[in-house]
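Peer 1: Could you build all of it, start to finish, from the sequences and the hints given here?
Just so you know, the protein sequences line up as chains A and B, in that order. Numbers 20 to 243, taken from this note's numbering, label the letters of the first sequence in order. Numbers 713 to 898, taken from this note's numbering, label the letters of the second sequence in order.
Among the clues, some could well be false.
Unchecked claim - List time: in silico SDA-like cross-link candidates among lysine to any residue, alpha-carbon distance up to 25 Å:
{"hint": "1", "chain 1": "A", "residue 1": "LYS147", "chain 2": "A", "residue 2": "GLY128"}
{"hint": "2", "chain 1": "B", "residue 1": "LYS864", "chain 2": "A", "residue 2": "VAL105"}
{"hint": "3", "chain 1": "A", "residue 1": "LYS118", "chain 2": "B", "residue 2": "GLU875"}
{"hint": "4", "chain 1": "A", "residue 1": "LYS48", "chain 2": "B", "residue 2": "ALA847"}
{"hint": "5", "chain 1": "B", "residue 1": "LYS850", "chain 2": "A", "residue 2": "GLU235"}
Said to hold, decoys possible - Here are some chain A residues pointing at chain B (derived, C-beta under 8 Å):
{"hint": "6", "residue": "LYS48"}
{"hint": "7", "residue": "ASN126"}
{"hint": "8", "residue": "LYS130"}
{"hint": "9", "residue": "TYR134"}
{"hint": "10", "residue": "GLY138"}
{"hint": "11", "residue": "LEU140"}
{"hint": "12", "residue": "VAL141"}
{"hint": "13", "residue": "ALA144"}
Claimed, not checked - Quick list of the computed label-pair ranges, beta carbon to beta carbon:
{"hint": "14", "chain 1": "B", "residue 1": "GLN874", "chain 2": "A", "residue 2": "LEU127", "range": "46 to 52 Å"}
{"hint": "15", "chain 1": "A", "residue 1": "GLN86", "chain 2": "B", "residue 2": "GLN874", "range": "25 to 31 Å"}
{"hint": "16", "chain 1": "A", "residue 1": "LYS195", "chain 2": "B", "residue 2": "ARG879", "range": "41 to 47 Å"}
{"hint": "17", "chain 1": "B", "residue 1": "GLN837", "chain 2": "A", "residue 2": "GLY226", "range": "53 to 59 Å"}
{"hint": "18", "chain 1": "A", "residue 1": "GLN86", "chain 2": "B", "residue 2": "GLN854", "range": "15 to 21 Å"}
{"hint": "19", "chain 1": "B", "residue 1": "ALA771", "chain 2": "A", "residue 2": "LEU127", "range": "37 to 43 Å"}
Just so you know, these hints were derived from the structure itself, not from any lab. No residue lacks a Cβ here, since even glycine has one placed at the ideal position from N, Cα and C.
One-letter residues, chain by chain:
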Amino acid sequence: MKLLDNLYAYVWQGNDNNCNSYLFASALKDSKHLLVDPGHVSTPFYREPGLDRLFQDINGDGLNTGQIGLVILTHSHPDHCEAAKVIRKQNGALVALHKADEPVYKNLGGKIDIYLQEGDLVLGAQGKLRLKVFHSPGHSPGHITIYWPDEKVLIAGDVIFYRSTGRVDVPGGSAKTLKQSIERLSQLDIEYLLCGHPYGHPGMIKGMAAVQENFEFIKRNVLL
Amino acid sequence: MEDKRIKSALEIAMERAASMPGLTQQELAEQKEREYQPRGAAIARRYLEGAFKERDLQAELSKYQGQEGEIVKRAFLLTLNQSIKLESKTMSLKALEGIKAVEPTAGFDEMKRRIEASFDEFDQQLGQEIPRYEALEKERLQKLGISGSAVKPNLEESQAWQEELKRIQSEYDSRISKLKKNLPLV
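Peer 2: Put into structure tokens, the structure is as follows:
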């Protein structure tokens with residue numbers, strides 16, 4: 020689904036757990052695409068075809084999945100990263116992840132081409148897409164979020180959802196650092212909060228007021 | 713009356729063993745090697761793991777005397793010598809200290825200094841080459857339209873760097889191997 024000019028959102032529609040994916044079309048040189056969080060190849064319990072569905076949806080938007088040149092993983096949990104190995108192998112796409120999440124990703128058999136650390140991410144031949152990478156640990160030690168200041172978009176991964184937050188009862192999770200990450204992200208101007216899962220809501224919160232209200236709700240009711 | 717008692721299996725085995733020729737000197741020596749070599753190697757491994765200090769090594773080895781003591785000491789020194797490897801500087805330096813504590817031969821300190829210098833030079837060369845290859849990888853990424861302060865290439869996946877690393881490692885491996893040959897083995 021086209022969300023903005025060259026930003027597409029793919030909200031997981033299956034019954035099993037899988038993540039939402041986001042794609043910046045023609046973000047790289049030679050019109051190659053950037054895909055954030057490709058999710059599972061197939062889901063763990065019901066064996067729903069995660070990657071096939073995602074590719075069908077991307078192709079349905081008139082985009083060529085063979086043109087995916089960079090895969091950014093917000094973190095290294097399998098429901099976000101499993102399909103990255105396949106896309107890297109099929110397309111020769113590069114895979115980017117924060118170094119602190121490398122051990123888990125390597126255990127899953129993944130290979131990392133680029134370590135993403137906090138800073139500016141400039142994409143395209145003339146640097147036409149300027150993103151900011153924030154290190155936002157708590158759900159995992161190397162969790163990152165991606166902010167697009169021009170359009171006030173935050174791809175939040177599993178840091179924050181609609182009325183909820185990412186789990187911290189997972190290896191490397193920390194309630195204290197997640198709280199700090201959320202406090203920090205809540206200071207940004209966000210028009211589109213794009214979450215990593217459609218938990219009880221598609222996971223895309225639109226409008227600055229709605230986004231702020233969601234942050235406030237979480238601060239009041241979740242981050243105690 | 714004829715004795716019809718049946719010989720036990722033990723009696724038969726003892727008779728056969730008595731009629732067998734004894735072990736030769738060489739076989740006896742080999743048997744000793746097989747028995748005592750693992751003990752020397754075990755002392756070396758336990759030392760490297762931190763179970764003994766350098767000052768305890770002589771006492772530990774002197775529990776074995778004569779020919780057995782020589783075998784144990786030789787296996788100990790060989791194990792430490794084999795533990796001096798480029799990929800583990802800390803263990804290599806500890807192995808050198810262990811050798812020095814047990815067999816402080818003339819010229820040992822100079823050899824140790826040269827081995828340590830090789831490790832330091834290896835680290836220095838990596839320190840120079842890694843940023844150079846990172847810059848090359850960043851250039852390559854920039855050509856693909858990926859740049860910015862958030863981007864740090866993973867050299868593990870860079871074929872060019874892996875080839876260069878192999879070349880540097882091979883150079884220093886060979887240098888350290890040559891130096892190790894001058895360390896005492898008995």
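Peer 1: Evaluate the given range 46 to 52 Å for the C-beta pair formed by B:GLN874 and A:LEU127.
Peer 2: 22 Å, violated
Peer 1: If you draw a straight line from the CA of A:LYS118 to the CA of B:GLU875, is it 25 Å or shorter?
Peer 2: 23 Å, holds
Peer 1: Okay, B:GLN837 versus A:GLY226 on CB: inside 53 to 59 Å?
Peer 2: 56 Å, holds
Peer 1: With 41 to 47 Å as the target window, see if A:LYS195 and B:ARG879 comply at their CB atoms.
Peer 2: Between A:LYS195 and B:ARG879, where Cβ atoms are some 46 Å apart, the hint holds.
Peer 1: Does B:ALA847 sit within 25 Å of A:LYS48, going by the straight-line distance between their CA atoms?
Peer 2: Given that 25 Å is the threshold and the Cα spacing comes to 19 Å, the pair holds.
Peer 1: Does 25 to 31 Å hold as the CB distance between A:GLN86 and B:GLN874, or does it fail?
Peer 2: 28 Å, holds
Peer 1: Go through the hint on A:TYR134 and say holds or violated, using the shortest Cβ distance to chain B against 8 Å.
Peer 2: Holds. Min distance 4 Å.
Peer 1: Is the interface hint for A:ASN126 satisfied, with its Cβ closer than 8 Å to some Cβ of chain B?
Peer 2: 15 Å, violated
Peer 1: Grab the minimum C-beta distance from A:LEU140 to chain B and call the hint holds if it beats 8 Å, violated otherwise.
Peer 2: 4 Å, holds
Peer 1: Should the hint that A:VAL141 touches chain B count as held when the rule is a Cβ pair under 8 Å?
Peer 2: Since chain B brings a Cβ to about 4 Å from A:VAL141, closer than 8 Å, the hint holds.
Peer 1: Hint check: A:LYS147 vs A:GLY128, CA-CA at most 25 Å. Holds or violated?
Peer 2: It is violated: about 33 Å lies between the C-alpha atoms, which goes past 25 Å.
Peer 1: Okay, A:GLN86 versus B:GLN854 on CB: inside 15 to 21 Å?
Peer 2: 19 Å, holds
Of the numbered hints stated above, those contradicted by the structure are hints 1, 5, 7, 14, 19, listed in ascending order.
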